[in-house]
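> The listed protein sequences derive, respectively, from chains U and V. Going letter by letter, the first sequence gives residues 1 to 212 in UniProt numbering. Going letter by letter, the second sequence gives residues 1 to 347 in UniProt numbering.
Take the hints with a grain of salt, since some may be wrong.
Claimed, not checked - If the Cβ cut is set under 10 Å, some of the chain U residues that face chain V in the computed set are:
hint, residue
1, His34
2, Leu56
3, Thr57
4, Phe68
5, Val73
6, Val76
7, Ala78
8, Glu184
9, Thr188
10, Leu190
11, Tyr196
12, Leu197
To be verified - So these bits of chain U aren't anywhere near chain V, every CB distance computed over 12 Å:
hint, residue
13, Lys33
14, Asp52
15, Leu135
16, Arg142
17, Ala149
18, Arg186
Calculated from the structure, these hints are not laboratory results. As the structure is a prediction and not an experimental result, all values here were calculated from the model. In this text, a Cβ means the ideal position worked out from N, Cα and C, and glycines have one as well.
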Amino acid sequence: MLLALDTSSPQVSVALARDADVLDEAASEQTMKHGEQLAPMVAALLERTGTDRGELTAIAAGVGPGPFTGLRVGLVTARTLGHVLGIPVYGVCSLDVLAAEAVLTGDVAEDFVVATDARRREVYWARYGPRAERLTDPAVDRPLDVDWAGPVVGEGASLYPATFPLGLAPERPSAGWLARLVAEERATLLEPEPMYLRRPDAVAPGKPKSVS
Amino acid sequence: MTEPLVLGIETSCDETGVGIVRGNTLLADAVASSVEEHARFGGVVPEVASRAHLEAMVPTIERACGTAGIRLQDVDAIAVTSGPGLAGALLVGVASAKALALGLGKPLYGVNHLAAHVAVDQLEHGPLPEPCLAMLVSGGHSSLLRVEDVTLGVEPLGATIDDAAGEAFDKVARLLGLPFPGGPHIDRAAQSGSSVYVDFPRGLTSRRDLERHRFDFSFSGLKTSVARWVEARERAGEPVPVADVAASFQEAVCDVLVRKAVDAASDQGIDDILIGGGVAANTRLRAMATERAAAAGIRVRVPRPGLCTDNGAMVAALGAELVARGRDASSLDLPADSSQPITTVVA
Ligand SMILES: [Zn+2]
Chain U
1 MLLALDTSSP QVSVALARDA DVLDEAASEQ TMKHGEQLAP MVAALLERTG
51 TDRGELTAIA AGVGPGPFTG LRVGLVTART LGHVLGIPVY GVCSLDVLAA
101 EAVLTGDVAE DFVVATDARR REVYWARYGP RAERLTDPAV DRPLDVDWAG
151 PVVGEGASLY PATFPLGLAP ERPSAGWLAR LVAEERATLL EPEPMYLRRP
201 DAVAPGKPKS VS
Chain V
1 MTEPLVLGIE TSCDETGVGI VRGNTLLADA VASSVEEHAR FGGVVPEVAS
51 RAHLEAMVPT IERACGTAGI RLQDVDAIAV TSGPGLAGAL LVGVASAKAL
101 ALGLGKPLYG VNHLAAHVAV DQLEHGPLPE PCLAMLVSGG HSSLLRVEDV
151 TLGVEPLGAT IDDAAGEAFD KVARLLGLPF PGGPHIDRAA QSGSSVYVDF
201 PRGLTSRRDL ERHRFDFSFS GLKTSVARWV EARERAGEPV PVADVAASFQ
251 EAVCDVLVRK AVDAASDQGI DDILIGGGVA ANTRLRAMAT ERAAAAGIRV
301 RVPRPGLCTD NGAMVAALGA ELVARGRDAS SLDLPADSSQ PITTVVA
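Using the sequences provided together with the hints, build the complete structure.
See below:
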């Protein structure tokens, strides 16, 4: 049994799969508040499917890129649960999950870009080929600097329609698709490390300011 | 029931702490600190701390279990600091604690960081006197509390109205060219200095201030006064006697802290003062408090320095007390509350 979760978007998404069958999945009704919502959602998922935590054999987690705070909630949960249960934890780029869903549901059949909300008027993005193969490393840029006139999958298109007029579904990564990709061995597996893409905001202080 | 085996997680600032206790017995206290990553910024950078917590979390849990010689499956309950503290940093610990509770099928207690600073002394000196007067002094807080039962709530008597005591140590250390964190460096420098070299002001001790702020603290004026003094020396082209300034500054801080703690205990009719928080590691504070309290017929308890600074053992200690007294556990939707009030012991 594979537990999948993604906290890289404003919505928490969880899913449980046996082999490639997704038994159940859920997305949070509330946006944000990943820390409050994730653990109860996992507990409810196990309960709804009548799964004992001991039956879990692996955990897959979206590693973003995405807003840091939510991303860390997902990854520390996955790592800790993996440690307690003694099962492997896989990371998957959340943009890859969006790309795979778009291609496998037939929404795109040509080169495209996946763009998600990076806040501060920027997007996290990467370019993909028609079989959802990633062609560029995930990056964070202003929408105008992405320089792409083709189809765009993900929330970035609905946030910046003037820059990305060819917006396509899905908007946010789903743990159900994440579970499917991992179970079907279509995903590029990574360490469960967050893709931050930005350095922490921090400035070294200058000389103490004069008080007299 | 045999004494509860509790694992406690602390991530409210820059230390990733995991402690394991059985009742009042400390079995492990593993701490991973990101303090060196913050040193060049002269203070804790929240995002840097949060990133470090994520990386250190599971290895620190493993290390604590190894030291305690237990398996995670043996644990009876998980406790975690749910606040107050840095929001993003707290969240890493809280999420990890929930995953432990979920993965082990054990209860979760989201506890108050300040109450944990009080409870930790049980590991060293046994059950807390009830009531006791707790003085918590660190880089993030300076408060005087009346503690009747640490598992039910504590009553704030006074707190800093500006800088925390530890913050004043950091800022003055910077003025004197000493490294971050300032506390231990000022303490060391002061050993060879004169505490009466400069008569720095004692904040909120004038008769007028005592009417409104009898048990409150203020350290911002003291810090400014040290800065003025140092600048005047520098302008005059004279060397700054670092040891003497450090000793005089430290004397002013400790004097106010101890004076108010003893006054509060006497006022409340309490015979025991308990000191906690990072500044409680200061050697002058420990000595002065013991001496002056004794003169007033009051006992002082201070845990050893390693238990005064932020750590997981204090969280585990409070957790064990909550389990022992049959208090309700938290639910899995427990939030991290960066401004959790001191009156909320379990969130
Ligand atoms: Zn503290």
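> All the hints need checking, so say for each whether the structure fits it.
Evaluation of the provided hints:
no. : hint   : in the structure
1   : His34  : 8 Å, holds
2   : Leu56  : 9 Å, holds
3   : Thr57  : 14 Å, violated
4   : Phe68  : 7 Å, holds
5   : Val73  : 5 Å, holds
6   : Val76  : 5 Å, holds
7   : Ala78  : 8 Å, holds
8   : Glu184 : 26 Å, violated
9   : Thr188 : 22 Å, violated
10  : Leu190 : 15 Å, violated
11  : Tyr196 : 8 Å, holds
12  : Leu197 : 13 Å, violated
13  : Lys33  : 8 Å, violated
14  : Asp52  : 10 Å, violated
15  : Leu135 : 29 Å, holds
16  : Arg142 : 21 Å, holds
17  : Ala149 : 35 Å, holds
18  : Arg186 : 27 Å, holds
The structure fails to meet hints 3, 8, 9, 10, 12, 13, 14 from the earlier list, while all remaining hints are met.
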